[in-house]
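*Asks:* Note that the protein sequences, when read in sequence, are chains A and B. Just so it is clear: in the first sequence, position 339 is 339 by the numbering used here, and no numbers are missing. Just so it is clear: in the second sequence, position 10 is 10 by the numbering used here, and no numbers are missing.
To be clear, the hints were calculated from the coordinates, so they are not data collected in a lab. As the structure is a computational prediction, the values presented were derived from the model and not from experiment. Watch out, some of these pointers could steer you wrong.
It does not matter which identical chain is meant; a pair holds if it fits inside one copy or across any two.
Below, simulated DSSO-like cross-link-like pairs (lysine-lysine); rule was C-alpha separation at most 27 angstroms, straight line [stated by the list, open to error]:
(1) Lys5 x Lys344
(2) Lys306 x Lys330
(3) Lys306 x Lys352
(4) Lys161 x Lys344
There are 2 protein chains.
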Amino acid sequence: MSELKGYKGKSLEYLHQKGVNVGDSIKVISDLTYTGILMPRYETSEDSHIVLKLKSGYNIGIELDEIKDIEKISSPEQVITKEDVKENDSSLPKILLLSTGGTIASKVDYRTGAVTPALTASDLNDAVPEIARIANIDAEVLFSEYSENLQPEHWVETAKKIQSVVDLDYKGIIVAHGTDTMHYSSAFLSFALSGLKIPVVFVGSQRSSDRPSSDAALNLIAATRLIVETDAKGVYVVMHHNESDDTISCHLGTRVRKNHTSKRSAFETVGNDPAFLILNEKIIKNSTGEFFTDQSFNPRLGIDTKVALVKYHPGYEPRQIDTLIDLGLKAIIFEGTGLGHVGKTMYDAIKKANQNGLFLGMTSQCIDGRVRMTVYESGRDLLEMGITPLENMIPEVALVKTMWALGNSKDNNGLKKLLLENIASEFSE
Amino acid sequence: MSELKGYKGKSLEYLHQKGVNVGDSIKVISDLTYTGILMPRYETSEDSHIVLKLKSGYNIGIELDEIKDIEKISSPEQVITKEDVKENDSSLPKILLLSTGGTIASKVDYRTGAVTPALTASDLNDAVPEIARIANIDAEVLFSEYSENLQPEHWVETAKKIQSVVDLDYKGIIVAHGTDTMHYSSAFLSFALSGLKIPVVFVGSQRSSDRPSSDAALNLIAATRLIVETDAKGVYVVMHHNESDDTISCHLGTRVRKNHTSKRSAFETVGNDPAFLILNEKIIKNSTGEFFTDQSFNPRLGIDTKVALVKYHPGYEPRQIDTLIDLGLKAIIFEGTGLGHVGKTMYDAIKKANQNGLFLGMTSQCIDGRVRMTVYESGRDLLEMGITPLENMIPEVALVKTMWALGNSKDNNGLKKLLLENIASEFSE
Numbered sequence: 001m002s003e004l005k006g007y008k009g010k011s012l013e014y015l016h017q018k019g020v021n022v023g024d025s026i027k028v029i030s031d032l033t034y035t036g037i038l039m040p041r042y043e044t045s046e047d048s049h050i051v052l053k054l055k056s057g058y059n060i061g062i063e064l065d066e067i068k069d070i071e072k073i074s075s076p077e078q079v080i081t082k083e084d085v086k087e088n089d090s091s092l093p094k095i096l097l098l099s100t101g102g103t104i105a106s107k108v109d110y111r112t113g114a115v116t117p118a119l120t121a122s123d124l125n126d127a128v129p130e131i132a133r134i135a136n137i138d139a140e141v142l143f144s145e146y147s148e149n150l151q152p153e154h155w156v157e158t159a160k161k162i163q164s165v166v167d168l169d170y171k172g173i174i175v176a177h178g179t180d181t182m183h184y185s186s187a188f189l190s191f192a193l194s195g196l197k198i199p200v201v202f203v204g205s206q207r208s209s210d211r212p213s214s215d216a217a218l219n220l221i222a223a224t225r226l227i228v229e230t231d232a233k234g235v236y237v238v239m240h241h242n243e244s245d246d247t248i249s250c251h252l253g254t255r256v257r258k259n260h261t262s263k264r265s266a267f268e269t270v271g272n273d274p275a276f277l278i279l280n281e282k283i284i285k286n287s288t289g290e291f292f293t294d295q296s297f298n299p300r301l302g303i304d305t306k307v308a309l310v311k312y313h314p315g316y317e318p319r320q321i322d323t324l325i326d327l328g329l330k331a332i333i334f335e336g337t338g339l340g341h342v343g344k345t346m347y348d349a350i351k352k353a354n355q356n357g358l359f360l361g362m363t364s365q366c367i368d369g370r371v372r373m374t375v376y377e378s379g380r381d382l383l384e385m386g387i388t389p390l391e392n393m394i395p396e397v398a399l400v401k402t403m404w405a406l407g408n409s410k411d412n413n414g415l416k417k418l419l420l421e422n423i424a425s426e427f428s429e
Numbered sequence: 001m002s003e004l005k006g007y008k009g010k011s012l013e014y015l016h017q018k019g020v021n022v023g024d025s026i027k028v029i030s031d032l033t034y035t036g037i038l039m040p041r042y043e044t045s046e047d048s049h050i051v052l053k054l055k056s057g058y059n060i061g062i063e064l065d066e067i068k069d070i071e072k073i074s075s076p077e078q079v080i081t082k083e084d085v086k087e088n089d090s091s092l093p094k095i096l097l098l099s100t101g102g103t104i105a106s107k108v109d110y111r112t113g114a115v116t117p118a119l120t121a122s123d124l125n126d127a128v129p130e131i132a133r134i135a136n137i138d139a140e141v142l143f144s145e146y147s148e149n150l151q152p153e154h155w156v157e158t159a160k161k162i163q164s165v166v167d168l169d170y171k172g173i174i175v176a177h178g179t180d181t182m183h184y185s186s187a188f189l190s191f192a193l194s195g196l197k198i199p200v201v202f203v204g205s206q207r208s209s210d211r212p213s214s215d216a217a218l219n220l221i222a223a224t225r226l227i228v229e230t231d232a233k234g235v236y237v238v239m240h241h242n243e244s245d246d247t248i249s250c251h252l253g254t255r256v257r258k259n260h261t262s263k264r265s266a267f268e269t270v271g272n273d274p275a276f277l278i279l280n281e282k283i284i285k286n287s288t289g290e291f292f293t294d295q296s297f298n299p300r301l302g303i304d305t306k307v308a309l310v311k312y313h314p315g316y317e318p319r320q321i322d323t324l325i326d327l328g329l330k331a332i333i334f335e336g337t338g339l340g341h342v343g344k345t346m347y348d349a350i351k352k353a354n355q356n357g358l359f360l361g362m363t364s365q366c367i368d369g370r371v372r373m374t375v376y377e378s379g380r381d382l383l384e385m386g387i388t389p390l391e392n393m394i395p396e397v398a399l400v401k402t403m404w405a406l407g408n409s410k411d412n413n414g415l416k417k418l419l420l421e422n423i424a425s426e427f428s429e
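Construct all of the structure, not just a fragment, from the sequences and the given hints.
*Replies:* Okay, here's the thing in structure tokens:
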């Protein structure tokens, strides 16, 4: 591990020359004087600024050109004192924070400079001190994976963990998660833990905490506040609402999608306002009705991943469908065009898949809006071939739900019944 | 063909009882009295209203419950008089309208009740009389297909047709097209007809012209106005901007997506404002710069459809990639997660595809935003495996462009060069 992890070029050279390392407590003299801990950098970007964690827990970036001098105050050993290990305040609600990895988790461990996820309760207290004032956090590292590497078995393990603590006195559970597949994970937990009596709140960050524009701290605080200040039940995703730091969105875990690669407000509720808006002074509830249709806790943790997601497009090679049959897949979820269509070139392959017993479901690549397969000839043809329209379920959610329903039903009838049942607000008006 | 095509239930019974047929000129007496032509209905929806085409060219729906009586004025034979066949006004700009099918085309032929596309110049004059006052339209039926049935060969045929008329004195070309795959077609023409000196404007409708809320007429008028009133060059998609009838959007043909199954404003420019807003009183230009990077006309109509679009998700069965190699595909465009990632479970399959000479390109299933594969480990891994990041090209556009580039290059180097060249505004800031 480099002692100046992530720094390069002129910033590396300058810090080296000043004899300071990541984790050191330093004083930075520019127009103003800043005291804080030198943070590592994890993203390969420019080399023109350094990042300092202030005592408030927030990070700031300081341009190298504006720095007049840097003085080292102390090394990491001296930074951690007993005062930092805060005692729990037993009057505050208890929250369990499960860390699965991702940007939000891996960058908070700034003292050692290591990239591995940390998020122990003590790390959290140091990184986002506000949280300790509103809740007692028990923290546990489940995985240390960027979310593109999380697979359905990780979903199941997370669900099992939550199931194992439901009888403890947690007011809610926060799942720190990479943003890439957070909406897939939130969808699975929504179905697997139907009727759960406490909220599960996924939280991620689009900018790592070693960047001045990091959204990690505010999203974590908002997730904590949602649990403490509301009686929300269900599975949610909490992320920035827009480019400001004033509003955080809380999305239904089955109606949310990552719609931008890099914006902090990348997550959006499809076709509706977010369920909650978390403002500085209050939390506004937009959602009406309960998240779970059935209020009794009914954990079903089965899963069968033999499902393919097929996005139809002009020029789609229908023999691809044949290969899905040959691979032993049990279901295909189509992302059709418009109201739920595919070209006539697909008909023979679809008939064959149906004859081979595959479940065939239809969503729309439009993402927003409802499939309606009775309107046009193409839709009616496909209905006759045995395709099941999946209303306005988001394609990714329909995929996850099909994996889940396959693992929790005996045959295609049971599968279809589960798929068309509104379990966790996956269908909206 | 039924004489009351599309009517059913109580509306069919009532019209039958009154002895009127589709195409008849009738008087409908309710609180007001309406005179017009009884329109056929093409969508299987409710049976509680009839649709009347007024002299203005617009359709209205009248609730059966509100109708006091219907009187037949005349049958279709008497409706068409010589006055309806308008003479061309040679002072107006000439526009070629190519009809490919879809809702916008198939429903304008209201007089006969036939579902086949019509859109002869005379049909248009009858259906949308405003157009004849601003342009001379030559109309030609290219295909009669709903757009889910249009394939890359239809794209090429459309491009050839346009190429064959570039030396005539058309100020622009309108392509009436089904909305399901309109953005795929507009993308292909953008690449195939790089540098075209006149605009090609795709126009569709989300509601058939036998419905009171049809957007067909206004979208057609807006497309015509765009050609007549501006000096726009390039390929565009013209559709409703919002739920009102006051604003029509004109989108770049390479930056547009159908983002809702049923809304009239289903089409959106990804990550930007529409290129033009067409208001009643004026046309506002938002786009800066030219649509085509190279202003010299350089038609390249080759195509090779051996390309797969692969959307990565947790639980994706990597053997699906093996089958794509076995099917002889030459390129895979990934819809990765976030900044352009896939799980490590995919690595072996991706290496194999690369070793087999397939071109591998990366886009994001976030749709909006840029892939950046140098930020995280996953992205850097994939870069090393030979995946080419495709910036912020929309996945569907990247797919179409790869088909086009495969058909117009000799090897993967040539393919990659074409793919990364900004030809028709497919990359935006």
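*Asks:* Are the hints correct? Go through all of them and say.
*Replies:* Structure-based check of all given hints:
1. Proximity of Lys5 and Lys344 under a CA criterion of 27 angstroms is satisfied inter-copy only: 24 angstroms between copies versus 56 angstroms inside one chain copy.
2. Both within a single protomer and between protomers do Lys306 and Lys330 lie at most 27 angstroms apart by alpha-carbon distance, with minima of 6 angstroms and 26 angstroms respectively.
3. When the C-alpha separation of Lys306 and Lys352 is checked against a cutoff of 27 angstroms, the pair qualifies both within a copy, at 17 angstroms, and between copies, at 22 angstroms.
4. In the homo-oligomer, the alpha carbons of Lys161 and Lys344 lie at most 27 angstroms apart only across protomers (24 angstroms), although the nearest pairing inside one protomer, at 46 angstroms, exceeds that limit.
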